[in-house]
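Engineer: Chain by chain, the residues run as shown.
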Amino acid sequence: GAVVSQHPSRVICKSGTSVKIECRSLDFQATTMFWYRQFPKQSLMLMATSNEGSKATYEQGVEKDKFLINHASLTLSTLTVTSAHPEDSSFYICSAGGTVKSSGANVLTFGAGSRLTVL
Amino acid sequence: AQSVTQPDIHITVSEGASLELRCNYSYGATPYLFWYVQSPGQGLQLLLKYFSGDTLVQGIKGFEAEFKRSQSSFNLRKPSVHWSDAAEYFCAVGRNAGGTSYGKLTFGQGTILTVHP
Numbered sequence: 001g002a003v004v005s006q007h008p009s010r011v012i013c014k015s016g017t018s019v020k021i022e023c024r025s026l027d028f029q030a031t032t033m034f035w036y037r038q039f040p041k042q043s044l045m046l047m048a049t050s051n052e053g054s055k056a057t058y059e060q061g062v063e064k065d066k067f068l069i070n071h072a073s074l075t076l077s078t079l080t081v082t083s084a085h086p087e088d089s090s091f092y093i094c095s096a097g098g099t100v101k102s103s104g105a106n107v108l109t110f111g112a113g114s115r116l117t118v119l
Numbered sequence: 120a121q122s123v124t125q126p127d128i129h130i131t132v133s134e135g136a137s138l139e140l141r142c143n144y145s146y147g148a149t150p151y152l153f154w155y156v157q158s159p160g161q162g163l164q165l166l167l168k169y170f171s172g173d174t175l176v177q178g179i180k181g182f183e184a185e186f187k188r189s190q191s192s193f194n195l196r197k198p199s200v201h202w203s204d205a206a207e208y209f210c211a212v213g214r215n216a217g218g219t220s221y222g223k224l225t226f227g228q229g230t231i232l233t234v235h236p
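Going down the list, the sequences are from chains A and B.
Just so it is clear: in the first sequence, position 30 is 30 by the working numbering, and no numbers are missing.
To convert a position in the second sequence, counted from 1, into the working numbering, add 119.
It should be emphasised that the hints constitute simulated quantities derived from the structure, not laboratory data.
Take these hints with a grain of salt, some might be off.
Under the rule of at most 16 Å between Cα atoms (straight-line distance), these lysine to aspartate or glutamate pairs were calculated in the EDC-like manner [stated by the list, open to error]:
(1) B:223 with A:27
(2) B:168 with B:185
(3) A:41 with B:183
(4) B:223 with B:207
(5) A:41 with B:134
(6) A:20 with A:59
(7) B:180 with B:134
(8) A:101 with A:27
(9) A:14 with A:88
With the Cβ distance kept under 8 Å, some of the chain A side facing chain B (calculated, not the full set) [to be verified]:
(10) 34
(11) 44
(12) 93
(13) 95
(14) 97
(15) 108
(16) 110
(17) 111
(18) 113
Far from chain B, by Cβ distances over 12 Å, these chain A residues were calculated [unchecked claim]:
(19) 15
(20) 22
(21) 26
(22) 55
(23) 57
(24) 63
(25) 72
(26) 83
(27) 118
In this text, all values refer to a predicted model and were calculated from it rather than measured experimentally.
Where is the CB? At the ideal position from N, CA and C, for every residue including glycine.
Model the full assembly from the supplied sequences, consistent with the hints where possible.
Structural biologist: Pasting the structure below:
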């Protein structure tokens, strides 16, 4: 249980285009979603936190107009990288926090990540 | 603000040998502590976590970690390493704020584990 599906796993796009990454909780209600970015050979850095139905809270230094986060339902959050440039190439990972319906347990689960390459 | 330090960037051990990965944290209150493992190009798998209670935590794949408040440490151990354990390991600290707000994690730099046959 407590599975998070993230896709696409890999995406290549041209500079200036926008890319959307989806993060879905499959068997629990994700009241909070977290988006992280991981550059090669580096650790994960939190970009933003979103609660269902509310605006995302961005970490210092993260451009909210460039990284659009939507959390419109308890099972889906999306990250859109707008006007992507080569420096946005990175590994983006979501995590979802919520409650498993069947057990009532609180969970925090990571997606498998999405590797974005901007040419 | 919280921070996490993993002093060892790269560790090499022989298969069957014991393993200890170090993690030190800085946080003003009682932390939520985690260890994750990441294989190349993959997401994160939770090995174990500490919220409260017994300071020796058992996890999956034979891993355990011990929370030592006096040393601000949460070192990961395994008595006998398998070749499949080769991966990158991340220690993380989450805010103790109840609900799932502890999911706002700060990660250490990671430790790459290489296992020799």
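Engineer: All hints are to be evaluated individually against the structure, with a verdict given for each.
Structural biologist: Here's how the hints hold up against the structure:
1. Simply put, residue 223 of chain B and residue 27 of chain A have alpha-carbon atoms about 21 Å apart, too far for the 16 Å limit, and the pair is violated.
2. Pair hint residue 168 of chain B plus residue 185 of chain B holds up; C-alpha atoms about 10 Å apart against a cutoff of 16 Å.
3. As the CA atoms of residue 41 of chain A and residue 183 of chain B are separated by approximately 25 Å, the hinted pair breaks the 16 Å bound.
4. Between residue 223 of chain B and residue 207 of chain B the CA atoms are separated by roughly 20 Å; this puts the pair beyond 16 Å, and the hint is violated.
5. A distance of roughly 24 Å separates the Cα atoms of residue 41 of chain A and residue 134 of chain B; the hinted pair therefore is violated under the 16 Å criterion.
6. Proximity of residue 20 of chain A to residue 59 of chain A is assessed by CA-CA distance (about 20 Å); at most 16 Å being required, the pair is judged violated.
7. The hinted pair formed by residue 180 of chain B and residue 134 of chain B meets the criterion: a straight-line CA distance of about 15 Å does not exceed 16 Å.
8. Simply put, residue 101 of chain A and residue 27 of chain A have alpha-carbon atoms about 8 Å apart, close enough for the 16 Å limit, and the pair holds.
9. The hinted pair formed by residue 14 of chain A and residue 88 of chain A meets the criterion: a straight-line CA distance of about 11 Å does not exceed 16 Å.
10. Given the 8 Å rule on beta carbons, the hint for residue 34 of chain A holds: about 5 Å separates it from the nearest Cβ of chain B.
11. Checking residue 44 of chain A against chain B by beta carbon gives a least distance of about 5 Å; that is within 8 Å, so the hint holds.
12. Evaluation of the residue 93 of chain A hint against chain B yields a held restraint, the C-beta minimum of about 6 Å falling below 8 Å.
13. The beta carbon of residue 95 of chain A is positioned within 8 Å of a beta carbon in chain B (closest approach about 6 Å), and the interface hint is therefore held.
14. Contact between residue 97 of chain A and chain B, as hinted, is supported at the beta carbon level, the nearest pair being about 3 Å apart and thus within 8 Å.
15. Hint status for residue 108 of chain A: holds, given a least beta-carbon distance of 5 Å to chain B, under 8 Å.
16. Contact between residue 110 of chain A and chain B, as hinted, is supported at the beta carbon level, the nearest pair being about 4 Å apart and thus within 8 Å.
17. The interface hint given for residue 111 of chain A holds, since its Cβ lies 6 Å from the closest Cβ of chain B, which is under the 8 Å cut-off.
18. Because the smallest distance between the Cβ of residue 113 of chain A and any Cβ of chain B comes to about 5 Å, under 8 Å, the interface hint for this residue holds.
19. With 12 Å as the threshold on Cβ separation, the claim that residue 15 of chain A sits away from chain B holds: the shortest Cβ distance comes to roughly 23 Å.
20. Every Cβ of chain B is farther than 12 Å from the Cβ of residue 22 of chain A; the closest lies at roughly 14 Å, confirming the non-interface assignment.
21. The non-interface label for residue 26 of chain A is consistent with chain B: the shortest C-beta to C-beta separation is roughly 14 Å, beyond 12 Å.
22. Every beta carbon of chain B lies more than 12 Å from that of residue 55 of chain A, the smallest distance being close to 16 Å; the non-interface claim holds.
23. The non-interface label for residue 57 of chain A is inconsistent with chain B: the shortest C-beta to C-beta separation is roughly 9 Å, within 12 Å.
24. Against chain B, the non-interface label of residue 63 of chain A holds: every CB pair exceeds 12 Å, the least being about 19 Å.
25. The non-interface label for residue 72 of chain A is consistent with chain B: the shortest C-beta to C-beta separation is roughly 18 Å, beyond 12 Å.
26. No Cβ of chain B comes within 12 Å of the Cβ of residue 83 of chain A; the nearest lies about 26 Å off, and the non-interface call holds.
27. Non-interface status of residue 118 of chain A relative to chain B is upheld: no Cβ of that chain comes within 12 Å, the nearest being about 17 Å off.
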